[in-house]
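Trainee: Each protein sequence line maps, in turn, to chains A and B.
Going left to right, the first sequence walks through residues 0 to 266 as numbering that gives the first Met the number 0 numbers them.
Going left to right, the second sequence walks through residues 0 to 374 as numbering that gives the first Met the number 0 numbers them.
Check each hint, because a few of them may be wrong.
Partial selection, computed: residues in chain B whose CB lies under 7 Å from chain A [said to hold, decoys possible]:
| no. | residue |
| --- | --- |
| 1 | 286 |
| 2 | 322 |
| 3 | 323 |
| 4 | 326 |
| 5 | 328 |
| 6 | 369 |
| 7 | 372 |
Since the hints were made in silico from the structure, they are not lab data.
Since we're looking at a predicted model, the values are computed, not measured.
Glycine included, every Cβ here is placed at the ideal spot set by N, Cα and C.
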Amino acid sequence: MSARLAMEARNVSKTFGQGAREVRALSDVSLEVRRGELTLLMGPSGSGKTTLLSILGCILSASSGEVWVAGHPTAQLNPEGLAALRRRYLGFIFQSYNLFPTLTAAENVLLALKVRGIEGREADRLTAAALAEVGMSSKANAHPGTLSGGQQQRLAIARALAGDPAILLADEPTAALDTENGAAVMDILPGIAKKGDRAVLAVTHDPRTIRYADRVIEILDGRIVGDAPPGVSGAVSPVAGDHVVELRDAKGKSRHEHAGRGRKRRR
Amino acid sequence: MIVTLAKRNLLHEPARLVVTLVGIAFSVVLIAVQAGLFLGFERMVSVVIDHIDADIIIMPKATENFDDVSILTGEERYRALGVPGVERVERLVVTGAEWRKPDGGSRSVMLLGSDPRTNTLVPWNILAEDARRLTTPGSVIVDTTYAEDLGVSKVGDVAQIEGQSARVVGFTSGIRSFTTVPYVFTALDQAQAYQGSTGDRVAYLLVSIKPGANLETVRADLAGRVPSAKVMALQDFRTQNFHYWLFTTGAGGALLVGVLIGLLVGCAVVGQTLFSTTKDHLPEFATLRALGAPATLIKKVILWQAAISGIAGYIAGGVLVAGVVFATQATAMSIVVTPWMAVGLFCATIVMCAVAALAAILKVNKIDPATVFAR
């Protein structure tokens, strides 16, 4: 594993159910996620992107294949071992924010630090820094319920950043936000990746986010069909008006898709 | 942060918290009242024994409890005085008698007769000089609880016991009999006069041993010297007397069952509340798990919720118990709460809440952190 490599999946497959009810969510997926990059994992609903994020995030186990997180193989780890990897190396941003409604903004961050074993003055300092990084210092004592969606997501980012994890995983970070708030959130992510030298992997089907990415991985029917920087051959690119994105698969064949609606037409 | 989260989870739904606290407080009151009644029962049936200043008690073989009076043969005292290690042997008359009220009517009483010049059994909860008046022939001391029942109201009132004059020279307070037959204190010779007996034919002999003498050795020697009587360490007799009332009347058993029911009710109420609170917060616990929290951290949150509920419920229940204890102080069956009992009750409350948290802990054990992506 190279020094820039934060995560790696090799030949990962995942099936749910058994027999006639078996559903293959991922088929033979291999990818690398590097530090200093904002990587988008894009695909229509049901394409397997959240399943892949869950496996890379040590929350779900692969049916076959291997995953390394910060150089650590995950295949043989029990649930507590996986939890230890998560709190040491991973930060999570969720579509629905998943904040603790009974705690203030600062306490939400402090709790995440407590999970990572950081308490006392050091925790207070890191909390203040994390809130400042996302522009939420003035809302430290506010409860999530009193914050706007964009503020809640920024708080969720602060929580994920607390403790300085090497890898940030985001599940549809803009899906619940309007255009303005979505842009505000996306404005933050490239800086987190570059300034903090972190690997940021975001699952999204929002084509508005593509312009922020260093790299776009496209997944379809549980297989990776594209992996390149945006705007270059092999990557997705937004088409104004109809949100149709041009996709180019591994064999170089091009197709267009209505992003977010799962409708696609091949050329 | 764990305590903060636990506290906030509870405070998040005030109505549910109030229900929980009411449930715990009810449980605390139920347990305290039952246990307090049990303790009060124990004290009541042992009240006279607890005020006897002696080490060993000699009684007729047939005696099963303090109020179950028989008469010794009269030979035991001199034999006992000859046993090595015995310092003194005092006589105690305990006998039923008929009390005739000054204005007519009668009722049964239990005469307690001891030598007022010794301190073997002196009426308590009374001024010392009043107790010493028992040396005057024909004088008795009764408890204020039974004064009206006995037809007397003040010092100097004269009633009759077994047809002989009984002048009230003092009143004790709070000395109640479990059998509801009033105790009447009098001097040994006066009691024997009322009883129509003389000498050493009494119900009990109270033995004090010499300093340094071994209690069990002296007791065994006495038992060998007076084989016609039962010889027991006073504390053992107290236990026998307590067990007699506990198991033959069933009252103690009922109180013990009440304590157990209190514990069960408390467990059920706290358990149900914690379970539903945990269920409501499962997505948050799943998020914690996804963030990498070890399972033990989540269990700690739930246990803290249980502990906070227990402490708050105990305080609320304690206030109610204090009120109940105060209200029953002057009744025939008072509720007794000692400092140790309060500590024990607190521990029982916390343990009860922890046990009640088990169902919630089993629930969080099954949390799938992957659900955080499904919301």
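Trainee: Next step is simple, just say for each hint if it's right about the structure.
Mentor: Each hint, compared with the structure:
1. Residue-level restraint check for residue 286 of chain B holds (minimum Cβ-Cβ distance to chain A is 4 Å; threshold 7 Å).
2. The beta carbon of residue 322 of chain B is not positioned within 7 Å of any beta carbon in chain A (closest approach about 33 Å), and the interface hint is therefore violated.
3. For residue 323 of chain B, the shortest C-beta to C-beta distance to chain A is roughly 35 Å, which exceeds 7 Å, and the interface hint is violated.
4. The criterion of a C-beta within 7 Å of any C-beta in chain A is not met by residue 326 of chain B, whose closest approach is roughly 39 Å, and the hint is violated.
5. The restraint placing residue 328 of chain B at the interface with chain A is violated, with a minimum CB-CB distance near 43 Å, outside the 7 Å limit.
6. Among the interface hints, the one on residue 369 of chain B holds; its C-beta lies about 5 Å from the nearest C-beta in chain A, closer than the 7 Å criterion.
7. Given hint, residue 372 of chain B at the interface with chain A, holds; its Cβ is 5 Å from that chain's nearest Cβ, closer than 7 Å.
In this structure, the hints that do not hold are numbers 2, 3, 4, 5, in rising order.
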